[in-house]
Structures are given as C-alpha cells and as structure tokens.
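Protein chains in written order, with this note's numbering: chain A, 1 to 551; chain B, 1001 to 1124.
FYI, nobody ran anything at the bench for these hints, they're computed from the structure.
Watch out, some of these pointers could steer you wrong.
Claimed, not checked - One-sided excerpt, in silico: chain B residues whose CB lies under 8 angstroms from chain A:
#: 1; residue: Asn1011
#: 2; residue: Asn1013
#: 3; residue: Asn1014
#: 4; residue: Asp1020
#: 5; residue: Val1021
#: 6; residue: Gln1055
#: 7; residue: Ile1107
For glycine and all other residues, C-beta sits at the position ideal for the given N, C-alpha and C.
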Amino acid sequence: MITSKAKILCVDDDPDLLNINASILRSAGYEVLEATTGNECLNITREKQPDLILLDVMLPDINGVDICKQIKSDPEFPGTYILLISGVETSSEIQAKGLEAGADGYIARPISGKELLARVQAMIRLRDSEMALRKSKETIERQLNQNKIILESAGDGIYGVNEDGTTIFVNPALLKMTGYSAEELLGKNLHFMLHHSKQDGSPYSQENCPIYATLRDGASHRVSDEVFWRKDGTSFPVDCSSAPIREGDRMFGAVIVLRDITERKRTEETLKGALEKAEELRLLAEAANRVKSDFLANMSHELTTPLNSIIGFSQILQDGLYGNLNEKQNEYVSDILSSGMSLLGQISDMLDLSKIESGREEIRISKFLLKDILKSSMTLFNVEALKHNIQLNLEIEPDADVEVEADSEKLNQIMFNLLSNAVKFTPDGGSVHVHARTIHDAGYKIHDAAIQEGQIPPRPPLLKGGEGGLPDFIEISIVDTGIGIKTEDMDKLFKEFSQLETPYQKKYAGTGLGLILTKKLIELHGGKIWVESEFGKGSKFTFVIPLKPIG
Amino acid sequence: MPHKILIVEDNENNRRLVRDVLVYYGYETIEAENGEEGIKKAKEHKPDLILMDMQMPVMNGYEAIKALKNDPDTKHVKIMVVTSFAMLSDREQILKAGADDYIAKPINTRELPERVKKLLSEDI
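Looking at chain A on its own, in the form it has when it is part of the complex (with noise of 0.2 angstroms):
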C-alpha cells in the first residue's frame, strides 16, 4: 500500500524500459515523471523536486553515477532519493562508485514489475522516515536554540544541577553575578562554591540548604533572605528559587534561578531609614510641642500673677474704694486697666493655641440657640462700633434660628476674634455685617481638597427645599467695609506670628494669633473657614461647623 502520493521520475534512454517502468509505478498510484537523457533529468529535477528518481546508469550524454552526485551534492534537492538501475553487463565497481556519488539503492536488470515495485516502496518508506527524522531534529534543534537564547538573556542568574547536584549547565548572567567561568562552575556542586557560608560567614551545610532540598523532597523552594558568594570573596544577597527537572515520576535534576536583589535591598534600608528617621522627626517634633506647652503653660501662669495685681488694683482706684480719684487719674487707671485686659486676652489666645495644638484642648458641646450666641457677640462690641459710627447688622436667615450642638464658649470666641478684627479694621462710618444660614453637607465636603486655606472656594450651592437631606452645617459669614487684604497676603492670614506687614501692621496693634486660634477653633469643631477680600474695599470671613458634631 502506498501511504503517500510520492512523486517519482523514471530516466531511461530506452523508451520501452522507461514506459514498463512508468506503467508499473502509475498503476501503483505513484505520479510518475519521464526522462530519456541525463539534462532532460537533471531539468525535471530541477523544476519538479521528484522525491525518488529511477535512474538508469547508462545514459547517452551524462552517465547516472555523475547525475547522482550532482543532485546529491545540490542542497537545493535534500528530499530526493536516486535509485540507480542498471544492466546486467554492468561491474560492481560502477554499483560502489554509484553509492560512494550518493545514491541511496541499486537495481540491476532484469528485475520483475513486482520486484520493482517492492523495492521503490521500501525506498520511499525509507525517504519518508528520513525527512520526518530530519524534521524533528530541525524542531529539536529550534527549541534548543530557544532556550540557549533564553538563558544566555536571561538577567537572572541560572544554572541546572542533576540528580547528584552536579552542574550541568550555567548562564552567562550567573557567570557575570559570581565572578566564575563556565569551566570553573560546570561539573561542580554549587553549593559549595557560591553558597557554602551565610551571611555571617558562619558554614552552611548542604543538608540545609533549601535550594538543594529540591533534589531530596522534588518541590519547588524559594528564599529571599540568603546570600551568595562570589569568586573574589565577596557576598550578595539573593532571591533564589529552585525547581525540579522531572519527566513523568522520574526527577532528572533541579533548575535554580538566582536574582541579585542588592538594588532592592539598598532601597529598602533607604525607606527604612526615611522611615525611621521621619519617626524620628515626629517624636521630635512631639517632645518639641510637649516642651512648648508646658513653657506656655508656667509662662501663663507667671504673667497672671502679676496681671492679677494691675487688673486688681486698677478695678479697686476706678471704683473708688479707698478714695476717688480725679479726671485725670481716673483716665490713666482706665488705661492701665484696658491695657491688662489687652494683654489677658493675648496671653489666653496664646495658651489656648498651644493647648491645641499639643491636643490637649477639648470641645465640650452643649445644645443653645444660635441667635443667642450671635446677638450676645455682638453686644459686646456695641460701645466700639458706636464710637467709630460703625454700623453692626446682624441677619439670621429663618432656617439657620435654630438649636446647635456646639461648644457655646469656643463659638463665643471665634466670634470674638472675628467681629473685633472686622470692628477694628473697618474705618468710621463703615459696617459690619454679619450672615446666618445653614446649608447641606453636600455643598461643603469639609475634607474637599477644593476648600484650600486662605483660598476662595467654588461657591456652594444652596439649600432649596425639598431638595437634598437634612440641612447639617451652620455657614456664618462677617462682612466688612474695612481696609481689606492683598490676594498675596490670603493664605498668610491663617498662619501663626504673622500679623500682615504694614500698611496693616502700624495701625493695628495685635499677637497675630487670633485668626489662627480662630481656625483652630472652628476645625476642632470639624469646620472650615476662609476668607474673601477685595483690597481697600472690605473682607468677607466666612465659617462653618456642623449643626451637630460629626460622628
């Protein structure tokens, strides 16, 4: 039977012969190419690639055996198979010189048809066998070359070990990594030439070494904490990971696979370093502000007590205890008593900035109305304003007369801070109003990167009925006509010590801590405030805190 339609092209000057022969073949199922002269043959050859040619010796131009070693000396016919056909009279010397010029069987006349046809089908099933062993070696071959590349450009270290442990093969990145060459490592037990020691050069046997484990339990093993030495003496740590060559049960030997992680781990010491030193920084900073506080705290302490004496004796002259005092006296003591109450005030805003920012102040909240606390802020400020023919209006939308869950003192206090600040830098005849309303959540997302300190934010929109949830912050906004900011002084408005430069400065006497305590005020509230201005025209400050503290 034939398993494949091979091609065959039968070469005989004698056209009787070659049409026998044709007919045998043919009939076969063979497709069968004639020729009757040498050139004709190799022409057909060239054109057709026949996969065995029949080939008669004795030809009238060129003999068989010059044929035969012209093709098989061709690499352009690896697949063509000649099987040399002679006569009788022909020597067996001519038969050797034949296979010694490539042919690859011989047939001497006469042959039966059956006979014939036997031996080209044993022919072409050995061609057959051939080309196929020859393709699997090409694809052998391929992937050898693959893997060569892989590993000759592979970063990693890699190296192959047999079932002994011996080195059957290394990479170039290895010999790179260990300082080695191929010869040095090849044959060798690796654990004793780049793994023989710990990190703290004390030995390490093979028996615990989980890289050579792979050989005794047939897993994979990996460790990341362990080093390896070079030639020169020299360590690096690795992240290595074995894994075992097997084919079925049957284990061959095990691939190890080594990254140089020194990179790493120097990125790792300089993020751990970072880190401990920003902790470092941080307990600093913390005994720092503990050191502060406490200075604060004793300094308060040591200026009350004499403040206690001028505030003190000041109130017994002015209310004429022991004797009254004439215009002018009274006058000086109405000064000396305003002063120390000025500088009460300074040092309280001073204790109180440190207490917070130590964390140690706290927000005792209480429920109150918040019109009370509004009007009676305000109150205080009446005399002032009258005096400098300052108009005070205070403006409480219907929605924002209502009960709030707030620290009611600390409330007082940024209010104090922010109504005197407007009182004191709005000129005669000004005004000063100040705005009531409460607005939803969604309009101010108090941790929104869009309300920056000292920035105008996008204006929130406001609450309509019906629409959104409950309404859960109070806005209070103070509208001055005053001398107003620079834009390039906003955000050092917020910031300790630093009152503004002049023209601000002269005229208007203060710590520079009263706008800051008022932030802080409002944020240990879980509030926001910032700050609209127009320069010589007027500022706008505005605050929020939640109706009811947050969580």
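Dock chain B against the given chain A, drawing on the hints supplied.
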C-alpha cells in the same frame, strides 16, 4: 460678727489685693503664704471661708484642700479656689479635690465679693 476669711496665696501683692477688697466689704481676713501655713492657720483661726490659690511653693492648693477636707477640725470650712484662668480647664479636678467653688485669676474685684457672699450664704 463679721465672717472670717483665710486668704492662702504666695504672691504678696495679690494677697494684699484680695485682703483690701474683702476688708472693704466688711470681712475679717487672715493670710497664709502656702498650703502648709494655710492648714495651720485654718486649724488655729477656724475661718468661715478659705480663698485658696493652687500653684504655690511648699504645698500646693490640691494637697492643702485634700488635707483640710480630711481633717474633722476643718472639713466644714468652705473653700473657694482662686486659680489662673489657664487652669480652669481643670475645674472638674478642682471640685473633685473638695473645693466648693472656684474663681479665675486675674480676679475681677467686682465679681469676687458677690461670689464670696453667695458661697457664705449657702448651706453645705
């Protein structure tokens, strides 16, 4: 008989200030410079009220109040703590220590006599 008030305060000026105000309003005063002296004078003079400073050398106000309130001779004596406004955040602690009332320093000389009068009129 005027009420007798013991002023325990380490600063001389402030002691004099409180004394002059209270004398003006008709009280009899006794003075002590620290907690220890305060306890001694309290046992000796049996005052109706003690105005107690908190931050003092030798013995501070807390210790003095505790000692006074634990002593059967003096435990009935009313104590008003006079402390820096800065220490008012500790008010719970002050009351817990046994004080009956507190007033912030710097003292408002208009408020002090009213508060004293009120405390003296209260029954404990």
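Now the hints, each set against the structure:
no.: 1; hint: Asn1011; verdict: holds (5 angstroms)
no.: 2; hint: Asn1013; verdict: holds (4 angstroms)
no.: 3; hint: Asn1014; verdict: holds (5 angstroms)
no.: 4; hint: Asp1020; verdict: holds (6 angstroms)
no.: 5; hint: Val1021; verdict: holds (7 angstroms)
no.: 6; hint: Gln1055; verdict: holds (6 angstroms)
no.: 7; hint: Ile1107; verdict: holds (5 angstroms)
Violated hints for the displayed structure: none, as all numbered hints are satisfied.
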